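Residue strings, one per chain:
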Amino acid sequence: MSKLPLLVTSSPHVHGGNSIPGIMNAVIWALLPGAAMGVMVFGWSALFVILITVAACMVTERLVNAIRSRPSTLPDNSAALTGLLLAMSLPPNSPWWVCVTGGFFAILLGKHLYGGLGYNMFNPALIARVFLLISFPVQLTSWPSPSPLMSGQAHSLAEGLALILSGPAGAPELLDALSSATPLGQYRTELGLGHTVAEALGGTYAFDLLSAATGMLKGSLGETSAILLTLGGLYLLRKGIITWHIPGAMLAGCLAPAAIFWYLDPTKYPDPLFHLVTGGLILGAFFMATDMVTSPISPVGQIVFGLGCGLLTYVIRTWGGYPEGVSFAIVIMNAAVPLIDQYSRPVVYGAQKSKA
Amino acid sequence: MGIMISALRRFHGGVHPKEYKELSRHCAIEGIPLPERLYVPFHQHIGAPCDPCVAPGEKVLKGQMIGRAGGYVSAPIHAPTSGTIEAIVEHVAGHPSGLTMLCAVLVPDGNDQWHPDLKGLVDPLDLEPQEIRDKIRDAGIVGLGGATFPSHVKLTPSKTRPVEVLLINGAECEPYLTCDARLMEERFAEITDGIRYMLHALQTTQCVVCIEDNKPGAIQAMTKAAKETRNIQVLALPVMYPQGAEKQLIEVVTGRQVPSGGLPGDIGVIVHNVGTALAVREAIRFGRPLTHRVVTVTGQGIARPANLEVPIGTPVQTLIDRCGGLKSGVKKVVMGGPMMGLALNDLQVPVVKGTSGILALMANETVQKPEGPCIRCGNCVRVCPLKLTPCEMAWRARHDLLDQLGDVHLQDCCECGTCAYVCPSNIPLVHYFRYGKFALAAQKREKEKTALTKSRSAAKEARVAAEKAEKERKKEEMRLAMEAKKKAAAAAPAPAGENQATTPPEEHAPAAARPGGSVAPRVAREKNTP
Chain C
861 MSKLPLLVTS SPHVHGGNSI PGIMNAVIWA LLPGAAMGVM VFGWSALFVI
911 LITVAACMVT ERLVNAIRSR PSTLPDNSAA LTGLLLAMSL PPNSPWWVCV
961 TGGFFAILLG KHLYGGLGYN MFNPALIARV FLLISFPVQL TSWPSPSPLM
1011 SGQAHSLAEG LALILSGPAG APELLDALSS ATPLGQYRTE LGLGHTVAEA
1061 LGGTYAFDLL SAATGMLKGS LGETSAILLT LGGLYLLRKG IITWHIPGAM
1111 LAGCLAPAAI FWYLDPTKYP DPLFHLVTGG LILGAFFMAT DMVTSPISPV
1161 GQIVFGLGCG LLTYVIRTWG GYPEGVSFAI VIMNAAVPLI DQYSRPVVYG
1211 AQKSKA
Chain L
18 MGIMISALRR FHGGVHPKEY KELSRHCAIE GIPLPERLYV PFHQHIGAPC
68 DPCVAPGEKV LKGQMIGRAG GYVSAPIHAP TSGTIEAIVE HVAGHPSGLT
118 MLCAVLVPDG NDQWHPDLKG LVDPLDLEPQ EIRDKIRDAG IVGLGGATFP
168 SHVKLTPSKT RPVEVLLING AECEPYLTCD ARLMEERFAE ITDGIRYMLH
218 ALQTTQCVVC IEDNKPGAIQ AMTKAAKETR NIQVLALPVM YPQGAEKQLI
268 EVVTGRQVPS GGLPGDIGVI VHNVGTALAV REAIRFGRPL THRVVTVTGQ
318 GIARPANLEV PIGTPVQTLI DRCGGLKSGV KKVVMGGPMM GLALNDLQVP
368 VVKGTSGILA LMANETVQKP EGPCIRCGNC VRVCPLKLTP CEMAWRARHD
418 LLDQLGDVHL QDCCECGTCA YVCPSNIPLV HYFRYGKFAL AAQKREKEKT
468 ALTKSRSAAK EARVAAEKAE KERKKEEMRL AMEAKKKAAA AAPAPAGENQ
518 ATTPPEEHAP AAARPGGSVA PRVAREKNTP
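Residue numbers (our numbering), protein chains in the order written: chain C, 861 to 1216; chain L, 18 to 547.
If you're looking for bench data, these hints aren't it; they were derived computationally from the structure. None of the values given here were measured: they were computed from a predicted structure. Treat the hints with care, since some could be wrong.
Unchecked claim - To give a feel for the contact side, a few chain C residues facing chain L, derived at Cβ under 8 Å: (1) L1053; (2) R1205; (3) V1207; (4) G1210.
Cβ atoms here follow ideal geometry from the backbone N, Cα and C, with glycine treated the same way.
Produce the entire structure from the sequences given, and follow the hints as far as they go.
In structure tokens form, the structure reads like this:
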């Protein structure tokens, strides 16, 4: 009789269809509106930052594959996602070499040195951002004012490219737009000078909530539009890619102390809404802390992790050496994940009654 | 404190794979012509294998025992039809590694003649529960849901805990399978009859028939049948895999959890499959052993899906031929359900008591993707019905960290496959768990062997030492006896002649024996001290 070439594998024989590229692509789609808003607000230079960073990540990924004689891992799209996340956490006018160094660091030292996707301890995009911030503090804290496309202050495509390739010298007319502080930086500096919150955020640097929510304020390329980023996060929640545990706990971990201190002394501590819409809290909560590889696997662990991220963010923002603390907070909590995992395993079915 | 029966509870996690039940749900159960040969394995259940009790060449009748149970947790095997035992040989069987199993090759004579000694019980409900259990044991009935645990064992209430409720499992949560659904729709009265005997054996009065609500026909039929019988309640449950797993069904229906490492009986619940209830009825009423079962033959690779009632031992190929054969492009043939079934590499494998389905899966229905890295997405943790951490178990098993497998509760895993179903990296998690369990079992055996060797060598040393001591003691006794004799001889000279002939040479060295005299009492004292 004819012997069929039957496939023999272990059960189960059907699969739900989840895949790594599927997850990565969903996250990329969820990020794109926020990234597009970044380009809209900060001009063409932001687009070049994104493109250069993503390309740097993908080239490094392929290079490492070749060195390790492994098949290309580009199709899983994790390198592209790392690049996009890193770009969105950089200042919109970052020089090209900052983007390239960051992408190279993220993929090579942040990921492949540990063994590649699934083995890295820290979020590659964030560890690269932290590396850049410590190594190139000037470039990483040069915040241009919003200069929306199709507005009077907008720079042309060529000017944008020149800005990225040869720095401010390449587009001197854009110089005066630089060197101002983000709302968080503004608050910390002014407070250090003995001013109240209202004085710090009023006057020439007037902070208004609406432009903050839509993204019309200084900050990293992709972190400014609270509304679009939240929508992206909700999309991921709805698709079941992420669960509410990490973002929910991280927001709560940052906003709860913010509310308490604001209640105690509103002249020294800004209100929770300020913390919510400025800086990278929403980007961090929905897209950075939820990085699967570097976050706990059980719901309880995820809540602990999220609370830690949020709390550390608030602590660094309020008392730390940097005005913004999202990256540091998440990277520090990344290091605690193995410990959290070990102590937050779910109680196994039937275990609690075995004593009786 | 009675049990609160409710369909509103849920178990942790679970998934809802595409059902594909529509392929065969409307196909009434049909018989098949007797195949040319039946290959009846002697090990079709959990527990000890059977010993063949027929010889090649022997004529057997339908229902005649051909394999004797190998212990308490075992079940006898019977001839599925009348005919001649052609041989008793190793034949391919449903084994995960494609190994062979000892099988009786039965050539049917076509008469399908029952053994005349098979008789049902008269007034079974008036008999002692043990008599019911004996009858079920002798009929070779095992759990027909797939676990194939001998049913008489599960119908024995524990001595310490009375059974409060019997759950009849008609959930049939595996996709594709429809054999239980068809049984309930067509043989509801027989099933409820069987349930009455089960209740009697368990000495309990409450029974809940649990059916997932994607089987309205079965729910309707069983509800109607249950109305005529007291004590039986039908419960419709929302569809969720693996609801038909024993522990999950118990949790959903009663709200109780089986203790880890324990049995359902520990919390006063017993679960039996609907097919088992039917088999019990046949055994009690007619004395007929388990010789046939209903198998769903389905999948997109089958020309004409069907629910076939076939003799145990029928080769899978026969079933497939009966259903119009395999379509071209079939990727995989699975025995059982798609989540927990066994992929076959040979279609001559026979149907056994636990075979619920034969699935012919096309490439688009099954998966063949390379394993990727674990990205710790936590999907497996979220869906595990036992609240385990599958990803952590898998890497420990993969790296042979056997002493850590207990920390992650590997032994609690029921291998339902829910974790692997949702894994974005296609990691064969269940495969790793099986490997880990086997490695642990091998390690345990090795430990037992070492312990046995150790205890044996210790016993040998003790024995040698005891023998040596015994020899010394005898020597000393003899010496003492000699001395005493000599003293006596010195005190009163014995008559010459015979004494000299029998005494050993030592007697001629009184000086050498002297120090021994002082040693002897000391040795004796030492012996007495312990």
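**Report entry** Interface hint compliance - R1205(C) to chain L, C-beta minimum distance less than 8 Å
**Finding:** This hint holds: R1205(C) lies near chain L, its Cβ roughly 6 Å from the closest one there, short of 8 Å.
Requested in this report: Classify the hint on G1210(C) as holds or violated, based on whether any CB of chain L lies nearer than 8 Å to its CB.
Outcome: 4 Å, holds
**Report entry** Satisfaction of the V1207(C) interface hint, Cβ to chain L closer than 8 Å
**Finding:** 6 Å, holds
Requested in this report: Report holds or violated for the interface hint on L1053(C), using the least CB-CB distance to chain L and a cut-off of 8 Å.
Outcome: Hint on L1053(C): violated, closest Cβ of chain L at ~45 Å, above 8 Å.
This entry does not satisfy hint 1, going by the numbered hints stated previously; all others are met.
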